[in-house]
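> The primary structure of each chain is shown beneath.
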Amino acid sequence: MQTEIVISGFGGQGVLFAGQILAYAAIEADKEVTWFPSYGPEMRGGTANCTVIISDQEIGSPNVRRPEAVIIMNLPSLAKYENLVRSGGTLIVNSSLINREVQREDIRVVKIKANEVAESLGDKRLTNMVLLGALLESLPVLEMETIKKALEKHLPSRKRNLLQANKDALDKGAELAEVRDFMLLV
Amino acid sequence: MQTEIVISGFGGQGVLFAGQILAYAAIEADKEVTWFPSYGPEMRGGTANCTVIISDQEIGSPNVRRPEAVIIMNLPSLAKYENLVRSGGTLIVNSSLINREVQREDIRVVKIKANEVAESLGDKRLTNMVLLGALLESLPVLEMETIKKALEKHLPSRKRNLLQANKDALDKGAELAEVRDFMLLV
Amino acid sequence: MPRELLKGNVAMAEAAIRAGVEAYFGYPITPQTELLEWMAVRMPELGRVFLQAESEVAAINMVYGAACTGKRTMTSSSSPGVSLMMEGISYVAGTEVPIVIVDVMRGGPGLGNIAPAQGDYKQMVHGGGHGDFKPIVLAPASVQEAIDLTVLAFDLADKYRTIAVVLADGSIGQMMEPAELPEMRPVRSAAPDWAVDGQENRRRRLLSSIHLDPHDEELVNIRLMKRWQQIEKNEVRYKEFELNDAEIVIIGFGTAGRVALSAVRQARNEGIPVGLFRPISLSPFPFKQLKALAKKAKVFLVVEMNAGQMYDDVRLAVEGQVPVEFYGRMGGVVPFPDEIYAEIRRVANPETVFSNGRVRENWLERLDKAIG
Amino acid sequence: MPRELLKGNVAMAEAAIRAGVEAYFGYPITPQTELLEWMAVRMPELGRVFLQAESEVAAINMVYGAACTGKRTMTSSSSPGVSLMMEGISYVAGTEVPIVIVDVMRGGPGLGNIAPAQGDYKQMVHGGGHGDFKPIVLAPASVQEAIDLTVLAFDLADKYRTIAVVLADGSIGQMMEPAELPEMRPVRSAAPDWAVDGQENRRRRLLSSIHLDPHDEELVNIRLMKRWQQIEKNEVRYKEFELNDAEIVIIGFGTAGRVALSAVRQARNEGIPVGLFRPISLSPFPFKQLKALAKKAKVFLVVEMNAGQMYDDVRLAVEGQVPVEFYGRMGGVVPFPDEIYAEIRRVANPETVFSNGRVRENWLERLDKAIG
Amino acid sequence: MPVRGTIEVNELYCKGCELCITACPKDVIRLDMDRLTPKGYHPAMLASDGCTGCAVCAVICPDAAITVFREAKHNTARVYA
Amino acid sequence: MPVRGTIEVNELYCKGCELCITACPKDVIRLDMDRLTPKGYHPAMLASDGCTGCAVCAVICPDAAITVFREAKHNTARVYA
Amino acid sequence: MLLDVKEELVYKRPDSLADVVSHYCPGCTHGTGHRIIAEVLDEMGMRERTIGVASVGCSVFSYNYFETDFVEAAHGRAPAMATGIKRVLPDRIVFTYQGDGDLVSIGMAEIMHAAARSENITVIFVNNAIYGMTGGQMAPTSLPGMKTTSSPLGRDVALTGMPIRMSEVLATLDGTKYVVRRSLHDPNNIRKAKKAIRTAFEVQARGLGFSMVELLSTCPTNWGMTPLDSCDWVRDHMVPNFPLGDFKVSPEAAEIK
Amino acid sequence: MLLDVKEELVYKRPDSLADVVSHYCPGCTHGTGHRIIAEVLDEMGMRERTIGVASVGCSVFSYNYFETDFVEAAHGRAPAMATGIKRVLPDRIVFTYQGDGDLVSIGMAEIMHAAARSENITVIFVNNAIYGMTGGQMAPTSLPGMKTTSSPLGRDVALTGMPIRMSEVLATLDGTKYVVRRSLHDPNNIRKAKKAIRTAFEVQARGLGFSMVELLSTCPTNWGMTPLDSCDWVRDHMVPNFPLGDFKVSPEAAEIK
Ligand SMILES: Cc1ncc(C[n+]2csc(CCOP(=O)(O)OP(=O)(O)O)c2C)c(N)n1
Ligand SMILES: Cc1ncc(C[n+]2csc(CCOP(=O)(O)OP(=O)(O)O)c2C)c(N)n1
Ligand code: SF4
Ligand code: SF4
Ligand code: SF4
Ligand code: SF4
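Taken in sequence, the protein lines are chains Z, Y, A, C, B, H, E and W.
Here numbering that gives the first Met the number 0 is used: the first residue of the first sequence is 0, the next is one more, and so on.
Here numbering that gives the first Met the number 0 is used: the first residue of the second sequence is 0, the next is one more, and so on.
Here numbering that gives the first Met the number 0 is used: the first residue of the third sequence is 0, the next is one more, and so on.
Here numbering that gives the first Met the number 0 is used: the first residue of the fourth sequence is 0, the next is one more, and so on.
Here numbering that gives the first Met the number 0 is used: the first residue of the fifth sequence is 0, the next is one more, and so on.
Here numbering that gives the first Met the number 0 is used: the first residue of the sixth sequence is 0, the next is one more, and so on.
Here numbering that gives the first Met the number 0 is used: the first residue of the seventh sequence is 0, the next is one more, and so on.
Here numbering that gives the first Met the number 0 is used: the first residue of the eighth sequence is 0, the next is one more, and so on.
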């Protein structure tokens, strides 16, 4: 079994780090994993995305055309991935920066005003964790606990003070995803 | 018919220029010709040689292993060319710098103390013309007059004052070659 | 050593350190920079030499100098930076000192971009620098392989007094995978007997690439060529997947080979008799092995992240025994497995195989249609 | 124009001038220097630009800049200097501006020596610089041809917005022969529509080799490849001697081809059915023509002043139809006709032909015996 | 009574770097926390009266996002009238 | 009476550049026009008495062709005895 | 926007600056440098006659931001490329825009020789004491003890030497006619910087020879500071190491006011 | 030869100079430079611990003339190669021997950065104002109006700038600890040059950092003069353009006597 997840947004939104946390967690869970970034030259403002593949067998291609799930952190990313996500797949959308609706109906869509949520949690830089939490809720490829363990091990020391905040962001995201989810059902 | 002549000596002895005069003269005489230098990085003191091929048809290789005639201006050149000159060919030897005898007997050898002759004519730099004159005497591939015409046209302006001296050197070399030649016969 | 999640660039740097590299000289360039940055952290810790050179030209010449003393030394860069090293590379080759170069390739030509590509194959395997010499070129397809080949590169460079190149595409340098690092080796204690290291009580030594008399230079060339023939005999490396009964043989190196693997698996699931041959040593190239495969196979398909640079070498090996097809993406585009899968299906059908010498033209037309 | 005794280097310089070169940037290096020195005399006389650059790196980038303005511009150098230009060459190719480079090759690798050699074939025809692009490469075998090909190089560079290289070995640059120069052409008046020349009343223009999005970069690559296919169709050039009934085909370019001519003549006089094929355009390479010849011939013999750099291209063309033999001298040694004549005699005898894939090994052993 | 001026911040260009805010001698610029630019930044805005149109904010703005206007002379004149 | 010295010119190295000749304060060095070195130069030679062994010639010789000797003290002493 | 007739325009984005959002990080003074160059081009009315030479660094895309002809040079070679252009088009205005890694490190030979030849070009040298584009490695201009990704423990001057003060070095060459250092960290200095750029272009327009304006600039991202702190850091740390001032003003250049 | 017992040896060819005839032209002061370096190596007893880095120029074969370990660098890159050697063998004496084309023209970046980093090496810079080996082309050090094969009408400073005075330029870098210019045109100056070389090697031996001795040298062949006239030309034309003197003597270096 192989799951491909893409995280996409502006550089500086923590896109790559969110993906790395997934990868670290996958190792914790004894799975094969590849983390493959699209690295842009701009330090900020450019678009960045990474593909994380989690699998039980040796992984071939480190990137895929039609991922299982995508975290969309800005508008350009929606344009790029809305049509690529696999039918029946999942789209986690940062509605803070994306005003338009998602057209497709054969996929599950979770919309979260992640910037606002993050700022409400005290730091705009938590946006990525909010959305990651939402993803794990909707696509339980790994345990939330494993993710948090990975966070503990790999959050860079200069951000240690934000460890709890990051965990809260994960939970908050998961919680909101749940709700949205429920709302989708009714 | 194709004649290959090699001129070999130290850089600075006028080896290359002597060859060029031959080549210019060959054109005057409406022949095909190639002038092919072995160019060394040292400005002086190194060995230099050039191959002049004069022919009635299009010339293939610009260099040959066994030339028809060789002008030997220093000892290393003798070591190199004594055995290469074609049987029945000609060796013009600058005995000013070469004390040892030539071993081969199947070739014609003309020995001239060219440095001394040149200095007697007033300029050490005339050594090459003395030897060239000797060559033309022994191997009449081109008219002496044609050579002199080439000299008139192509002697660099800063050496114009030496034009007559150069011509004299040619004649002197020819004259000496003659004598030597005669002596060889008796 | 435990499996850890490692970025390719960092993994190669740490592997070099454990292989006993004593001096690193380099210049930052994406997508290679993390290698230099890791060296900046680790080499001083270990009391070894790290120096950021003013340019790639300076870097290769610093490596040249350090190598002349008999120390294990290396540099790393990416395509444009490697192009700047060509004169220095030729000098190192002519002087017969061992060095290691890691080239993490990006899209070109020119400044191009920083996306993964395989556009340095020709300049590393064939063309790079004036004169006749060949470096050993090893192409990893995973972070683990990047580690193993970096260590091997140092050993082969020393063994043959030659240049050994780890030719990784940007994705290998940038991706993270679980991998295992080797034990730390002690740095070499004794200097080789050719080392120019200012020792007392011995004749003076000279290392140089100049041989003014062409005949002397020719002897050097002959020595280099003979050594190369030894390398060709001993150091060919490659990986095979599902080739026993394969009628269709995919050939790809590095990331292209790895992407092809996914496509091969999919095709196999559908019963298509396809296998994968992944050259690891691009130089020496596995000519014999491919020639042998050509005897059994119906068609070859070369997959690259360039316009077909390895393709010619495959054709040289095959000498017309089977049609050799080509599919490549250029300028930093990494193909998806489904593209290669489609190509497999195409060549599986004899009608759509172009053994008519217009292979490249046809590829270009297909590509143009697909993306134009 | 009358026939005059001209040195190859001077002849190429004057030919470039008459072809309308408006700016020359270069750096001295033997055996190319007389070309630069002639430019130093003539360009100022004509009110054109001559500048001795601080290095070959600077020279190629000055040429790059001048070319972007739409002016005819060139540089010249020799092997080590050309290696230093590889990054710049790749930028020029990626920017699609026309330039001309004259490379008067010397012995290598490294500093090597200044004797005539053909060791830049690979780096000019295949390898030079990162990324996928191919320059046009023309190889003269006489001073007259050096003149004609220099003029042609400018015209082709402009026609295809590409790099055109005159690849001469040191002997062509250094030897003197009678030759005829072309009439002086007027310099081009109108700038091309892509020129970055700061004109008023038009949209701003940009010339660059960077395309951050790999898909954009791929489109550039596709354009380059398609243009190259046009060039392959239109610009193949070569010379044939006595090939109609030839069973033995000698293939050599530049001076090697010319030396071979003497050997072929001698062999013909003795009734050996041998002919000579001399590629003039090394890139595009006359693949089709050689493939056709292979159908009629019994054996090919490639003669080069290197370790067999063109040899692989001949094999690619032949695809195993006939055995392809090799004879080369390296490191600045120019073969004598008698050596090639002996090789002709050898391959004329089937017993001493090595179609067993050990061609290079056998050549090296023969050479080693001969000179060792 | 001082000249009155005003600024317009182009949200396409503004990246919320806050340099104009600290540069403004009248301290009348703020980031608009209720809005986000397409790139996800809170843009600067004229938050209160007092702008003299001195254009210091425009001088320091790295992204040339600010256009500065000032009450035209004759108007000011009219005011005094 | 001045110290007496002498020089030896190694003809292998000497290229007849004449720098020693003009450098010599005693003007006692000349080129030997009757001899040629293997490279074809007329070598320098000590042509007349008066060399003090000051070694100026050796200092200027680009080819380190000159060896300089001087009469040993005790000898000179003996002379005065 | 609708312009209120009662108001007069005090400042608007210069015409020579293209209507595109820059890729620069928030607060990065590369943008400031661009803006004041564009203002000068507007004021001198030279936009159409100008050819810019972009270099390799964060400013690699500067060609997108100016409404002038542009080329993009290889890393460090902008002065050579500019030389090629200016020599064949002597009546155009040619300027390079280079970072400190590009100009001081890999481009040392090309800038030194262009200056020594007194090429009649203008060089805008943006010194932010670090390699921005590649993610914050040490530059030859990095300050002693400065932490970068290639000097993680801080620049060790014993191993890598002291920062190179390029304006001072270039001023020693006879070929340089106008070489000054300015800073972009506050409005006042930005005004002075603009004035210097104006003078530099005048020097070229009058055919006096090589001119260069070094601009101390910020890299908030790789310095790991807010844009504001970055400006203070320039003032407090860079200016002391890179003193502002005029290092070469030829007599003819001095006449330009 | 038979040594007369009554005589004592005043001067003999130094041991560090190999017993081979140099390829230099008659009267070329490259030979003088070699000789005094060899004398210094003898006097300091460092021959065996020394590694020389030859450059590309007429001195390309200098490795044949010293009885020390040697490498041969690419054109202009000797300082980079020396850096690579010295960094891994800090206790050896490493020196480069470079001509002006090699050091000032193509090698500008490498010499500037080696100096800026204060690499603990010694550079012997032989300035003969021309490219000797390739047959007399213009160098960045060629004098105004000087005729060379690439400036046939004389160096036009309007097109190629004024000569670069490298010692003065390098002295502006903090990394340089000892930078002086001497001349080889007469015995007196040769003695001073030797003294300077001795000091430069001492600077290195004491680990003080980068040292360079620039030597004004002749090229009779490409200048088209006799060796004697060449020496006068150095005195009359080169010295005025390249003043002799000490351009950087660090306090620690000053202590060396
Ligand atoms: C030959 C080559 N080497 C290295 C690089 C990678 N590279 C791109 S930008 C850069 C440094 C940029 O720093 P700087 O010039 O200071 O400009 P900044 O980004 O700080 O504005 C480097 C090393 C390259 N593109 N080409
Ligand atoms: C890359 C490269 N470019 C050019 C050359 C040719 N070349 C050899 S020596 C030399 C210049 C030497 O001049 P200089 O450094 O002044 O030394 P000199 O011969 O005057 O002592 C040049 C240009 C080369 N060998 N390599
Ligand atoms: S300075 Fe410019 S970019 Fe920064 S906040 Fe103000 S308006 Fe926005
Ligand atoms: S200086 Fe030396 S080389 Fe010159 S003439 Fe005197 S001894 Fe001979
Ligand atoms: S990385 Fe630094 S220099 Fe580059 S744009 Fe961002 S702030 Fe500016
Ligand atoms: S060419 Fe000049 S520098 Fe070279 S050896 Fe001769 S005199 Fe000396």
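Hints listed in this document are in silico derivations from the structure and should not be mistaken for laboratory results.
Some clues are possibly wrong.
Said to hold, decoys possible - Just so you have them, the derived chain A footprint on chain E, three or more residues with Cβ under 8 Å:
hint	region
1	67–79
2	101–112
3	134–140
4	180–191
The beta-carbon is built from N, C-alpha and C at its ideal position, and this holds for glycine as well.
> Given as covered by chain A, does the region 101–112 of chain E meet the bar of three residues or more with CB within less than 8 Å?
holds (count 3)
> Tell me if chain A covers the region 180–191 of chain E under the three-residue, 8 Å CB rule, please?
Check failed, 0 qualifying residues.
> Taking a Cβ-Cβ distance under 8 Å as contact, does the region 67–79 of chain E have three or more residues in contact with chain A?
It holds: at least three residues are needed, and the region 67–79 of chain E offers 4 whose Cβ sits within less than 8 Å of chain A.
> If you look at each residue in the region 134–140 of chain E, do at least three have a Cβ nearer than 8 Å to any Cβ of chain A?
holds (count 4)
When held up to the earlier numbered hints, the structure conflicts with hint 4 and nothing else.
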